[in-house]
Amino acid sequence: MRVTIITFPGSNCDRDVSVAIKKITGKNPSNIWHQENEVPNCDLIILPGGFSYGDYLRCGAVAAHSPVMKEVKNHAARGGAVLGICNGFQILLEAKLLEGALIRNSGLKFVCKQVALKINKQINSPFLHHFKQNDIIHLPIAHNEGNYFADSETLKKIEDKGLVALRYHTSSDGNSFNPNGSINNIAAILSDNGKVLGMMPHPERYVDNELGGLDGFEFLKSTLEQLS
Amino acid sequence: MSNLREGLSTFEIAEELGLKKDEYEQICSLMGRIPNIHEISIFSAMWSEHCSYKSSRKWLKTLPTKGEVVIHGPGENAGAIDIGDGKVAIFKIESHNHPSFIEPYQGAATGVGGILRDVFTMGARPVALLNALRFGSIENNKTKYLLEGVVSGIGGYGNCIGIPTIGGETNFDKSYDGNILVNAMAIGITEKDKIFLSAARGVGYPLIYVGAKTGRDGIHGASMSSTEFDDKTEEKRPTVQVGDPFTGKLLMEACLELMTTDSVVAIQDMGAAGLTSSAVEMGSKGKLGVKLDLDLVPLREENMSTAEIMLSESQERMLMIIKPDKMDKANSIFKKWNLDIAKIGEITNSQNLEIYKNNILDAQIPITYLVDQAPEYDRDWTTPEKAPELQIKNAPIKSVSKVIEKLFNSHNLCSRNWIWEQYDTSVMGDTVIPPGQNSGVIRVHGTNKKLCASVDCTPRYVSADPFLGSMQAVCEAYRNIISVGGTPLAITNNLNFGNPEKKEIMGQIVHSIKGISEASLKLNMPVISGNVSLYNETNGKAILPTPVIGAVGAIDENKHSTSLSNAVDGNSIFVIGQDNSHTDGWVGQSIYAQEILDIEKDYAPPPVNIDAELANGNFILKAIEQKLTNCVHDISDGGLAIAISEILLSSRTKGIGAVINKNYIHNSESFWFGEDQGRYLVCTSKNKEIEELAESNKIKITNIATINLSDRLTFSNEDYICISELDVKHKNWFKNFMS
Numbered sequence: 001m002r003v004t005i006i007t008f009p010g011s012n013c014d015r016d017v018s019v020a021i022k023k024i025t026g027k028n029p030s031n032i033w034h035q036e037n038e039v040p041n042c043d044l045i046i047l048p049g050g051f052s053y054g055d056y057l058r059c060g061a062v063a064a065h066s067p068v069m070k071e072v073k074n075h076a077a078r079g080g081a082v083l084g085i086c087n088g089f090q091i092l093l094e095a096k097l098l099e100g101a102l103i104r105n106s107g108l109k110f111v112c113k114q115v116a117l118k119i120n121k122q123i124n125s126p127f128l129h130h131f132k133q134n135d136i137i138h139l140p141i142a143h144n145e146g147n148y149f150a151d152s153e154t155l156k157k158i159e160d161k162g163l164v165a166l167r168y169h170t171s172s173d174g175n176s177f178n179p180n181g182s183i184n185n186i187a188a189i190l191s192d193n194g195k196v197l198g199m200m201p202h203p204e205r206y207v208d209n210e211l212g213g214l215d216g217f218e219f220l221k222s223t224l225e226q227l228s
Numbered sequence: 001m002s003n004l005r006e007g008l009s010t011f012e013i014a015e016e017l018g019l020k021k022d023e024y025e026q027i028c029s030l031m032g033r034i035p036n037i038h039e040i041s042i043f044s045a046m047w048s049e050h051c052s053y054k055s056s057r058k059w060l061k062t063l064p065t066k067g068e069v070v071i072h073g074p075g076e077n078a079g080a081i082d083i084g085d086g087k088v089a090i091f092k093i094e095s096h097n098h099p100s101f102i103e104p105y106q107g108a109a110t111g112v113g114g115i116l117r118d119v120f121t122m123g124a125r126p127v128a129l130l131n132a133l134r135f136g137s138i139e140n141n142k143t144k145y146l147l148e149g150v151v152s153g154i155g156g157y158g159n160c161i162g163i164p165t166i167g168g169e170t171n172f173d174k175s176y177d178g179n180i181l182v183n184a185m186a187i188g189i190t191e192k193d194k195i196f197l198s199a200a201r202g203v204g205y206p207l208i209y210v211g212a213k214t215g216r217d218g219i220h221g222a223s224m225s226s227t228e229f230d231d232k233t234e235e236k237r238p239t240v241q242v243g244d245p246f247t248g249k250l251l252m253e254a255c256l257e258l259m260t261t262d263s264v265v266a267i268q269d270m271g272a273a274g275l276t277s278s279a280v281e282m283g284s285k286g287k288l289g290v291k292l293d294l295d296l297v298p299l300r301e302e303n304m305s306t307a308e309i310m311l312s313e314s315q316e317r318m319l320m321i322i323k324p325d326k327m328d329k330a331n332s333i334f335k336k337w338n339l340d341i342a343k344i345g346e347i348t349n350s351q352n353l354e355i356y357k358n359n360i361l362d363a364q365i366p367i368t369y370l371v372d373q374a375p376e377y378d379r380d381w382t383t384p385e386k387a388p389e390l391q392i393k394n395a396p397i398k399s400v401s402k403v404i405e406k407l408f409n410s411h412n413l414c415s416r417n418w419i420w421e422q423y424d425t426s427v428m429g430d431t432v433i434p435p436g437q438n439s440g441v442i443r444v445h446g447t448n449k450k451l452c453a454s455v456d457c458t459p460r461y462v463s464a465d466p467f468l469g470s471m472q473a474v475c476e477a478y479r480n481i482i483s484v485g486g487t488p489l490a491i492t493n494n495l496n497f498g499n500p501e502k503k504e505i506m507g508q509i510v511h512s513i514k515g516i517s518e519a520s521l522k523l524n525m526p527v528i529s530g531n532v533s534l535y536n537e538t539n540g541k542a543i544l545p546t547p548v549i550g551a552v553g554a555i556d557e558n559k560h561s562t563s564l565s566n567a568v569d570g571n572s573i574f575v576i577g578q579d580n581s582h583t584d585g586w587v588g589q590s591i592y593a594q595e596i597l598d599i600e601k602d603y604a605p606p607p608v609n610i611d612a613e614l615a616n617g618n619f620i621l622k623a624i625e626q627k628l629t630n631c632v633h634d635i636s637d638g639g640l641a642i643a644i645s646e647i648l649l650s651s652r653t654k655g656i657g658a659v660i661n662k663n664y665i666h667n668s669e670s671f672w673f674g675e676d677q678g679r680y681l682v683c684t685s686k687n688k689e690i691e692e693l694a695e696s697n698k699i700k701i702t703n704i705a706t707i708n709l710s711d712r713l714t715f716s717n718e719d720y721i722c723i724s725e726l727d728v729k730h731k732n733w734f735k736n737f738m739s
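Going line by line, the protein sequences match chains A and B.
With this note's numbering applied, the first sequence closes on residue 228, and no number is skipped along the way.
With this note's numbering applied, the second sequence closes on residue 739, and no number is skipped along the way.
The following block holds chain B by itself, in its conformation from the complex:
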């Protein structure tokens, strides 16, 4: 140890890097000495919330992660599931919230780049992207600027690298004014026996750096993402990484090409905390040591310090362990793609991270101290108070159509076409259902099997009841998969919350994880990957708790699938999960309560009945399989009247309309706009068959409307709405807002 570089750390230095007093003391005690400044930088990154999940780890361990289809659960770069016929789907969702607020274009672009690397690192060619976005109030001047930047950043990366965006959701709420959410999900496909992992193997094997050169961008990004914002957030711009999708494309092709040559022993992308995190991960997973020579790292800038090289979050870089006799092969492939490739170290049996620069040992840390010994907090939490049930006087509503028009002609329910038209949705030539429907659907290339995916969360529900609201998010994702005829397989989650050091916020996190666990277990959709983003607070104010669920399902070869656009003249529309005894709906936390009744106070969100959810979902799949319907829609935001309208707005049939069946024309506002869960609409011309199937499966069903070619949705002689006019408003609200 005598030759370790001098320059001891102090608590003041450690504090500036984001470490707490007790954490610093623990590091000194573990090391048995005062770490030098290089070492403390590495600790600060690895012990940050972003890398160590220190506030959430205790609870994340309780998520159900096992299941028949699961090949790799959380802990790898992304989760992997068996989709049959030897194929594997690999997917994950990840946040890039903090960087996107500071620099929306680059923050969002590198969010997409990062999640794509997580997927192709495991050997899978990425085939689909989705995103879940949350912005502040539409009255906030900054919202448009952030939205514009984020959407073009997502498109800028995804379009260039050539992966279709097939789904997403975008919402606005003032709680996101100072902390927008940008969650990106990627799905890739590979063969079951061609998955690559990050665990180091082979003492003496070369550690190879490939991709873009290392610059000073993104230094301390991981620590930045682990703190709250204040008025000086602008100063953090230099900590945002800069993406280059062109290099990303070359890196992806080069890695996938090298992976076909039996050369790669282990591979890890350089994401948060850059080279530090990737080297440590590889060593930790393989229980081996890593020796790095920083003089060999390809640099973009001169005179970079050890900490800068180790913590740079320059994009489009990978770390690999390659079989020693395959170096020539690797060199030729990376030369072909015009990318840097350099041996920057080797695998040792010391279990230490050793970093050399100018032949001097700059840092020597046992890897277990950085990973296994990282703090795991059992933070105090409180049980959220039960919100009261909202009681409204439930009189028959005068004009359903006026409410429908108002909700579609607003930020709540208008079409997001302004957003998705900026994404390439059809590149790769396998997109069956693009964004804007229940789920995005793609074909698994070269087969007739399809994958479907959806991202969902209703933060106002979660805020009012974290447990129930989080269950609902899983259920809604499940329903969206079911609605296109998919078998729900697994989920990934992105837990976006405020400061976990506050008991109430920690209470939200704990109950949210419990809710996700409950629903995922019962619906048999294990959590195979995920990401946690905490400290989403500005000047002490937290965002609405937003646990985004990304679900993936499969539609087997030759199975019938459905589309929201398929409703035709003469179809009946049935509600599934509701019968004709249902007269009053659940208004608490509905869009109707928020926008029409102007109720801001926290009332209880709609209850979730998982057994009914499962029964109704299985029924829909049976109905689709028996070809009793070719158009299914789940009932969610805005309730029944909105869901019926959405079927008409999405239909390919020109001049489509519908008339509400007589029994229902005088029903109440809560009937039309309540957000009771577990319900679907199905369009069919086989009324008798579907009613019989419902009866034999003990499923609630009611015939609500009949489709015609009137270009109107008619509730009564006085109460109707013109669909083609509604369509224009629905499509143009966003465009008008942004111009």
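Chain A on its own, in the form it takes in the complex:
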């Protein structure tokens, strides 16, 4: 299992993802600086969360033009798996590896909390293999621009093809329902081939019961098992 994590200037979850991957696989992932022109041959590339380029222009817009992104695109074009978490999701959208946009939260505020997420498993994807349709998992979110938006045509296409992977789910206490105004409660979407996933929640933060739960551990572990 070979994982590569890309660090952009302003990434701040690169170490967290790295620690989570090490915990799961026992091996250190490779860490690549955004100015590299080559990415080592690997099974999964992760674009971590953070504030690449300080969110200048638009979140992820500058990072999407980093030299390393050319190789990320080549990797995806070859059918390689790519996971973008939070700011990584924003970068995937700006790089056109996924469709739609992430805009300012409807509450106009940064929001950090645990959310309940419902699995939507309609296509074959290594990221969802472990789960059953409508499974509920809990993960934390922490973002200012996580309000997923797509024009009606794109949205219809995404829904028709079953590319939504996670939706915000109302937990029984009613607390975690759609924290950011995302259209159709979308929290994560897939590429057509199911190999590129962009998600707002942070699986790498829930890899230990002491830290809030193991749902992130299960999510990452099952993904890595599918890909190796």
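Some hints could be false.
[To be verified] Capping the alpha-carbon separation at 25 Å, the derived lysine-lysine pairs in DSS-like fashion look like this:
1. K735(B) to K406(B)
2. K735(B) to K109(A)
3. K335(B) to K323(B)
4. K118(A) to K541(B)
5. K70(A) to K335(B)
6. K406(B) to K194(B)
7. K142(B) to K109(A)
8. K398(B) to K23(A)
9. K398(B) to K662(B)
10. K113(A) to K654(B)
11. K87(B) to K22(A)
12. K287(B) to K323(B)
13. K601(B) to K73(A)
14. K323(B) to K109(A)
15. K132(A) to K121(A)
16. K731(B) to K21(B)
17. K22(A) to K449(B)
18. K20(B) to K541(B)
19. K326(B) to K336(B)
20. K174(B) to K449(B)
21. K113(A) to K87(B)
22. K192(B) to K326(B)
These are calculated hints, taken from the structure and not from any lab test.
Please build the complex by placing chain B on the supplied structure of chain A, with the hints as guidance.
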């Protein structure tokens, strides 16, 4: 001296810069000549209250700063303590009150940026942030605007740079209407042998400027923060710095990377009074001179004057002394992070600050004049009058539950989730207990050891009795550390007061420092760093005295720790520090007196018994260690009834409730809402064991309630409250207030 630039200062110029007549005369006499305008600007900054602590220094020296765990006490950028296994925790709290009132977003953001730089300057990676906020009355129209700006500013910086916020406190009082308080605390971790200090070493070594370029922002910020406000405060907006957390993140990574390469001889961040203060600090600590060439300083704007360059408080800048043969290494690291790096001077053996611009000597001042010779005032002070004890008719209370509901459904005791949900609390992947509990808890990365931290102060207590109230602040911080199973190690303090030139205010400061000293000594929590913010007055009216205490503790590897959320069905709730002979509580200065009885007058706050405090704290740690409890809560604001409710509101158990044991159902209002000190609640299913442990340790204990799944806190058949409904009110008050 013949080539010193012309343009002599006058007293009028000095006065405008904040210097007093006698201070100006003293400067002229020290220098043996009339200083030029550049020199007087530098004096005004270094002799300001903000940089020189001239009103408080005499008393700050009396704080207990030594202890087994202390590696560096006050005087460095931040304090450092040994947390075992070769690891060191570095922490400090600092105020950004004045700027935050003028420009809340930037003021608060740069407050966070500044305190983070203090920590990583010493070689520690910051791992946690906390903040203590005070705003004016909720009826004041400006309060919401300031709160909104401050919270998004704190989040804006902390979230972007990627350091979790793990705790804090927020309160409202009309005394802060014109002077809000924004105190930010940062904690970092490093190895014992990898601490960096600011003392200059190496005559001839290059002085290196790194980070963001210098602009005109924040000029005279230090002097601005050393004066009172009046109706023209708005005009001071240009003196507020502008923060850029993205550059802050790059600077932090670049500095920490360079620090692994054996290149850095000394390092100092540019905070208040910018380049002036950092260059002078480095020279002063190393007893060496500093020569600066301002033509080499990276500038953001054109035609900046000497004073502007020297006093700019542009953010995200550092000054370093680097080994001459490591310049290439430093260049490559800072280029990688896309930051400016420039040699702007060198270390000399002259002990002077020498500043050149366009090859002309603009200023030449012996550094000792700026630091050691800075004024230290023994200001007049008065002993605060002893407040009378509040006596109330102590009849059995009709409805405890109505009072509970009223207090939770108000600004006093409602949940602060609206605030902390705007902070990233889980980035860095080590947060065990996020904000909203007794203490924030994080793991020390890569180990099973944990650190816990809390910030505390009850200004209404301090106002009524500065000595006792300040002792109480230390004790409450201590209890919050104890409640999560932590061993209290050390504290940092942020002394926020009014104008020290007034005898009563100086009296508050003196007694507050005495109170902190007494408690910190007895509880063995030395003061390792801190900050003083004076002149928090508007149009002559001072804030409530607010000495905020930030405490840090450690939970050793494999030690049991507790959480406020752990109460479960069948647990008994015991009060520790109180037995069944206790019937009347202390109501003076309680939230109950303030909100329900509407008593505004200054009555005495609850007494503090340090011996009992220590005994009860040690007992709780023993009980936790012996796994007799997994949920502990200290009893503070609002008293016993509120603390019991908070355990239920925080529980992860759905439908949790509790029933008060029969002996107590008809007790008085002071019993339920008195704020007697030194008490805790513990939840347990091992009643016999905990009672025995209490008995053998001579600790007062009483069984107050039993937890069930009724979704109610029941005092009697007629007096109960629905917990899930209370939870909604508790969580929504703030949101409703702000919308």
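Results of checking the hints against the structure:
Taking the CA atoms of K735(B) and K406(B), the gap is near 17 Å; set against the 25 Å cutoff, the hint holds. For the proposed pair K735(B) and K109(A), the alpha carbon gap of about 12 Å is at most 25 Å, so the pair holds. For the hint pairing K335(B) with K323(B), the CA-to-CA distance comes to about 18 Å; that is within 25 Å, so the pair holds. For the hint pairing K118(A) with K541(B), the CA-to-CA distance comes to about 55 Å; that exceeds 25 Å, so the pair is violated.
A hinted pair counts as satisfied when its Cα atoms are at most 25 Å apart, and K70(A) with K335(B) qualifies at roughly 23 Å. Using a Cα cut-off of 25 Å, the hinted pair K406(B) and K194(B) is violated, with the two alpha carbons roughly 52 Å apart. Between the alpha carbons of K142(B) and K109(A) the distance comes to roughly 19 Å, so the proposed pair stays at or under 25 Å and holds. Annotation: proposed proximity of K398(B) to K23(A) is violated, straight-line Cα distance about 56 Å (limit 25 Å).
With a C-alpha separation of about 15 Å, the suggested pairing of K398(B) with K662(B) holds against the 25 Å cut-off. Taking the CA atoms of K113(A) and K654(B), the gap is about 19 Å. The hint holds against a cut of 25 Å. With a C-alpha separation of about 23 Å, the suggested pair K87(B) and K22(A) falls inside the 25 Å cut-off, and the hint holds. A hinted pair counts as satisfied when its Cα atoms are at most 25 Å apart, and K287(B) with K323(B) qualifies at roughly 18 Å.
Restraint check for K601(B) and K73(A): not satisfied, since their Cα atoms lie roughly 69 Å apart, outside the 25 Å limit. Among the hinted pairs, K323(B) with K109(A) is inconsistent with the structure: their alpha-carbon atoms are about 45 Å apart, more than 25 Å. Annotation: proposed proximity of K132(A) to K121(A) holds, straight-line Cα distance about 7 Å (limit 25 Å). With a C-alpha separation of about 54 Å, the suggested pair K731(B) and K21(B) falls outside the 25 Å cut-off, and the hint is violated.
Distance hint between K22(A) and K449(B) is fulfilled; the C-alpha atoms sit about 20 Å from each other, no more than 25 Å. Of the pairs offered as hints, the one joining K20(B) and K541(B) holds, with about 22 Å between alpha carbons and a cut-off of 25 Å not exceeded. Restraint check for K326(B) and K336(B): the C-alpha separation of about 16 Å stays at or below 25 Å, so the hint holds. In summary, the hint linking K174(B) to K449(B) is not supported, as the alpha carbons are separated by about 42 Å, beyond the 25 Å threshold.
Our distance criterion of 25 Å between C-alpha atoms is broken by K113(A) and K87(B), whose separation comes to about 30 Å. Simply put, K192(B) and K326(B) have alpha-carbon atoms about 23 Å apart, close enough for the 25 Å limit, and the pair holds.
Checked against the numbered hints given earlier, this structure breaks hints 4, 6, 8, 13, 14, 16, 20 and 21; the rest are met.
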